[in-house]
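Participant: Each chain, written out:
2 protein chains.
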Amino acid sequence: MTSKPSHGQWQQVEEDIAHDILTGRLSPKTQLPREADLMERFGVGRHTIRRAISRLQSRGLVQVEQGRGTFVRDGRLEYRLSERTRFSQNLLDQGREPFGQAIREEEIPASASVAEALRLPRGEPVYHIVRRGLADEEPINFSNAYYPVRRFPGFDKARRDGRSVSLILAEYGIPDYIRLRTDILVRMPTPEEARHLDLSLDKPVIVSKKVDVDMKGTPIAYSESVWPGERVQFSVDNTSQLLDVLARNSDF
Amino acid sequence: MTSKPSHGQWQQVEEDIAHDILTGRLSPKTQLPREADLMERFGVGRHTIRRAISRLQSRGLVQVEQGRGTFVRDGRLEYRLSERTRFSQNLLDQGREPFGQAIREEEIPASASVAEALRLPRGEPVYHIVRRGLADEEPINFSNAYYPVRRFPGFDKARRDGRSVSLILAEYGIPDYIRLRTDILVRMPTPEEARHLDLSLDKPVIVSKKVDVDMKGTPIAYSESVWPGERVQFSVDNTSQLLDVLARNSDF
DNA sequence: AGTGATTTGTTCGTATGTATG
DNA sequence: CCATACATACGAACAAATCAC
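So the protein sequences, as listed, match chains W and U. Position 135 (the first sequence) corresponds to 135 in full-length UniProt numbering; numbering is contiguous. Position 62 (the second sequence) corresponds to 62 in full-length UniProt numbering; numbering is contiguous.
No lab work stands behind these hints, which were simulated from the structure alone. Model, not experiment: these values are computed from the prediction. A couple of the hints might just be wrong.
Heads up, incomplete: computed chain U residues facing chain W, CB under 10 Å, no partners named [to be verified]:
1) L26
2) S27
3) Q63
4) E116
5) R122
6) I206
Here are some, though not all, of the chain U residues that point toward chain W, as calculated from beta-carbon distances under 7 Å [stated by the list, open to error]:
7) L180
8) L185
9) N238
Glycine is no exception: its CB is placed at the ideal position from the N, C-alpha and C atoms.
Produce the entire structure from the sequences given, and follow the hints as far as they go.
Facilitator: Structure follows, in C-alpha cells:
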C-alpha cells in the first residue's frame, strides 16, 4: 500500500505527467509524447493513457489537438475559489504535495482591518499565525491568518501541534464552514515576503484576502495570503450554478 | 431625470463619496468628514448619511470606527466575479461612469485556445473585438473578445453601432447568459497593453480570462482582459450561497 | 491541388476486479 | 455463494484532422 491515494493505473499516469508539468520539468508549449509512446513508457493500454490525458485536459494542464498532438499549456498552479475552498484539497486535486510551515505565532489585539473582517470590537485579542505554504518543496504562499482568541482558546497550540485547521475547528464544534468572501489584488512584495517566497523583489505578488464563516454566518477566520504572481492562477468556476439553471429549465 | 440610476438621496450620497474615493480624490487612510458635516454638505438628514456610509462600508471602501471616525480604505476599483457579472453594471454599482472604446475589429479563424474555450473546431471563424474600457475617463481595461461568427452573423457591426453586448445577444435570441468560468493571473504588460492602459512597463497587470455561456450551457463569448494591477481588485462573494445554507438549516 | 504519413477521436468487443445485496 | 452493476483495462479497426512533400 502506498501513501498516495492512487487507485487505477490511469491516475498514476495522470499524476506523473501532472507532476512533470507543475514542477516545470515539462515546459509550456512542448509536445507530449504520442499516445503510442506513452503506452510503451507506462506499460499500459491506449484507453488508460487517453483517460489520463483527458483529465489533464480538463484540469487545463494540457491542450489536445487532433492530428497534431498534445501540448503542455501553462504550469501555473491553479487555485480554485469556491465557497468550499480548502487549501490542501486544492493542491491534492492537482497531484501536488502540500506542506505547511509555521513561521510565527502570537496573540495580539485586533487591528482595525482584522476586527472589521472578523466583526469583533477593535483591540479584541486574536491569534496571529504566520505560515508558509509549500507544494512539492516549492514555496507558493505566505499567509497571515487571524482567529478570535475568545472563541477558540488554545487554537495556537493545536495548530502548533500540526493539526489541520478543519480538524481543529471541528473540535471547537464547527464541523463545516464556508468561504464568505475573497478579494484578490496585486502589488509588489515586501522584502520579507520575497524572501519567504524565494522571489525577486521586482516580481509582483498576488494578495488574497479571505473571510471564513461558520454555518451561522459568524466570521471565524480572516487571512491575507501572498502568492508568487508568476507561479499561480486563481479561478472562479460557476459550473455548479449553471447546472442548477439547467436542471430548473428542464422541469418545463 | 438624470442619466445616472440614482433613486434615493442616500444613493446619491453614496455615489458621490464612492466616486471621490475611487478616482483618488479621497486617498486611503484619510478621514471622512463627521456625519454632522456631511449632513450639512449634502443637505440631508443623519439617517441618509448613515445609510450611505453603511453601504460604503459593506463595499469595503471605508472603515468606520466608533468614537474615532470614518476612514478611506483603498481606492482600488472593485470588480466582482459572480455568475451574473456584467461589466458596466459592476462599475455603475460603484458610482463610476463606464465607457467603452472600440480599437480593432476583425474576423479571424479561431486559434487553438479560443476554439477550446468556445468549443468550436479550430479555424472556425470568430469575431475578434479589441476594446478599451474606461471609468471616469481613466483606462481600466484592455480586452480581446471573441464571438462565433456562425452563431452571431453581423455581431461586429451591431457592436460598432454602439449597442451593448447584452442587448445584441438578446436580438440573437439570448435573453440571458452566465459567466461560466473566470481565470485570474498576473504578468507584465506588453508594450501595446501598457500604452492603452496608460501604465508603465514595469507595473504588473492582472489578466482575466472569461467564458460566457447561454442558458443551455453553450459558450457564446470568450475574452481576455488586461487590467492595471495597481488600480483594480477582484472579489468573489459567496454571500448568496451562505444565505442558501442558512435557509436550509432553518428548515430543521 | 493531392497524396500519404502521423496523430488524435470514436466505437466496437472482451476480460477482470470490486462493491452491493 | 450468487447475481448484478460498475469501474478498470486491453485490443483492434476505422474516422477525422493536420502536416510535409
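Participant: The structure should be examined with respect to each hint, and the outcome stated for every one.
Facilitator: Hints, verified against the model:
The interface hint given for U:L26 is violated, since its Cβ lies 17 Å from the closest Cβ of chain W, which is over the 10 Å cut-off. Because the closest C-beta pair between U:S27 and chain W is about 16 Å apart, greater than 10 Å, the hint is violated. The interface hint given for U:Q63 is met, as the beta carbon of that residue sits about 6 Å from the closest beta carbon of chain W, less than 10 Å. Restraint check, U:E116 versus chain W: the minimum CB separation of about 6 Å is within 10 Å; hint holds.
Interface restraint check for U:R122: the shortest CB-CB distance to chain W comes to about 7 Å, inside 10 Å, so the restraint holds. Here the hint on U:I206 is kept, as its CB sits about 6 Å from the closest CB of chain W, short of 10 Å. Annotation: interface hint on U:L180 holds; nearest CB of chain W at approximately 6 Å, less than 7 Å. The criterion of a C-beta within 7 Å of any C-beta in chain W is met by U:L185, whose closest approach is roughly 4 Å, and the hint holds.
A distance limit of 7 Å between C-beta atoms decides the matter here; for U:N238 the minimum to chain W is near 4 Å, and the interface restraint holds.
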